[in-house]
Amino acid sequence: MQRAKQDLSGAPVTVVLLSGGSANIRWLIELLRRDFDTELNQAEILTLKDFQEVVSKGLAAECARRYYTAEGDFSAVTYNRVCLILDPDESGHEIKKFIPRDVSLPKADIPGVLLPSASVLTAFRDRSMRWRVHLDRAPRRCLNYYFLRSSFDPNDIQNLQNVEEKTVHTPKNFRFDPDLTLELGVAEDGTATPRFIYRQGRTEADTVAQQGRPFFLDMTTGDSLPIGKAYLGLDFGTSNTSVSFVNQTSIQIFERRSQERSWNELVDLAACLPYPLSAPLAQYVSQTDPARLATAGRDFVESSLTLAAYTAYQEYCTLKGRAETRILKRLRKRSAGPAWGLFKDSMEQLGSQAMFSAAYRELLHSELKREIDNAVEIMAQHKHGKATEEMANPLRVVHILANIAHLAFGDNGFGIFQHVEKQRFSVNY
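Using our numbering, read the sequence shown as starting at 1 and increasing by one per residue.
It is worth saying that the hints were derived from the structure and are not from the lab. Virtual Cβ for every residue (Gly too), placed ideally from N, Cα, C. Be aware that a few hints might be false.
[Unchecked claim] FRET-style restraints, in silico, Cβ to Cβ:
no., residue 1, residue 2, range
1, GLY415, GLY321, 23 to 31 Å
2, GLN158, ARG213, 16 to 24 Å
3, PHE216, ASP177, 25 to 33 Å
4, ALA11, PHE414, 32 to 40 Å
[Claimed, not checked] Lysine to aspartate or glutamate pairs mimicking EDC-like chemistry, simulated, CA-CA at most 20 Å apart:
no., residue 1, residue 2
5, LYS333, ASP373
6, LYS172, ASP126
7, LYS329, ASP345
8, LYS5, GLU44
9, LYS172, GLU44
10, LYS5, ASP153
11, LYS107, GLU90
12, LYS97, ASP87
13, LYS107, ASP7
14, LYS344, GLU377
15, LYS344, GLU371
16, LYS49, ASP235
17, LYS96, ASP235
18, LYS5, ASP109
19, LYS166, ASP89
20, LYS333, GLU377
21, LYS383, GLU371
22, LYS96, ASP156
23, LYS97, GLU204
24, LYS49, ASP37
25, LYS107, GLU183
26, LYS166, ASP87
27, LYS49, ASP268
28, LYS166, GLU94
29, LYS97, ASP153
30, LYS386, GLU302
31, LYS229, ASP268
32, LYS96, ASP126
33, LYS97, ASP136
34, LYS383, GLU302
35, LYS166, ASP235
36, LYS383, ASP373
37, LYS172, ASP218
38, LYS383, ASP268
39, LYS5, ASP50
40, LYS97, GLU183
Please work from the sequences and hints to get the whole structure.
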């Protein structure tokens with residue numbers, strides 16, 4: 001937080017994203033709120049089902065970008081800030097501001113910072129990066145230099161990157177330029193070669209410079225990898241390993257779906273529906289195997305009709321008083337047909353009295369009712385091997401049920417009671 005204070009320029013932290021399996025220890029969130037109450041008092045800490053999935057999902061997105069553009073956010077990217085401290089003629093360490101010679105270079109306004117964290121260096125695979133820096137005195141004998149990871153302390157050995165060599169000796173008999181020019185070439189494997197230019201000539205032969213010893217820059221590899229048909233990513237954790245798999249077909253399917261309004265709406269609805277619906281809907285929209293798509297769609301339709309039937313039946317039970325009813329016997333099993341039947345019977349009994357179930361009346365309008373009737377029949381045939389996967393994919397009905405459920409639960413909270421304690425009967429109960 002201290003290191004980021006200058007970059008934030010007074011702006012508050014608004015979002016905290018935890019990643020990695022250790023974040024699944026839920027008290028980590030409470031410790032963050034306790035220990036960083038001042039810094040994170042305006043921040044939303046995103047709560048995920050599995051924080052280790054952040055890594056694998058990020059890998060899947062990276063693979064997709066590499067497939068289409070041959071580039072990505074994780075290729076030739078620095079992990080931390082790259083800092084450089086100079087000491088001319090052992091006169092003392094100078095923390096100076098570096099001015100990029102190339103407008104395409106990431107700009108760091110903080111003295112001593114050469115590259116900000118997460119700098120993408122793919123554009124400099126075949127050419128060197130250059131900066132100019134003005135020192136208090138020219139390095140007439142030698143120049144000590146310290147490339148550091150997010151540190152301004154040359155004695156910080158753990159963050160020093162050019163461990164093997166830290167000094168270049170100055171050539172003799174030349175006139176110094178007003179500013180020293182730093183040239184840094186970075187290979188695809190992260191090998192960085194510094195070059196200090198004391199005088200820039202018209203030609204390379206007229207230029208006076210000294211090259212430092214190559215060292216490894218703390219960054220991801222920038223190797224130009226061949227584009228494959230499938231990617232397998234492994235995130236090795238302390239107690240378990242997260243596996244991410246994505247293939248060419250999946251990328252093409254998601255690309256096509258991203259252009260279709262109905263699929264985009266379903267993705268949005270999966271994030272706001274009650275959990276009994278959001279979980280199967282998320283499975284449906286993430287499914288790319290045609291053979292499993294119909295099954296995933298059937299799971300969502302069955303869940304939607306069951307929740308609608310339970311909601312309508314329970315509301316009917318609150319209104320029927322002591323009257324007996326046998327309509328629950330219609331629910332012989334939890335599948336689309338019986339659930340759809342129980343829902344229609346319950347709504348018929350409710351009539352105009354429905355409150356919680358009012359939004360579900362839309363399903364009984366002739367056009368929508370006919371579509372659901374057809375979908376329920378085809379899904380039953382598919383379950384018994386009498387319909388193909390393509391015929392049984394209920395995209396239209398999934399879209400209808402998701403939208404109606406969103407209306408039904410838009411103003412009504414859905415959840416469970418926790419830590420309920422039984423109380424003795426009294427005059428208040």
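Going through the earlier hints one by one, which of them does the structure break, listed in rising order? 6, 9, 11, 17, 23, 24, 31, 32, 35, 37, 38 and 39
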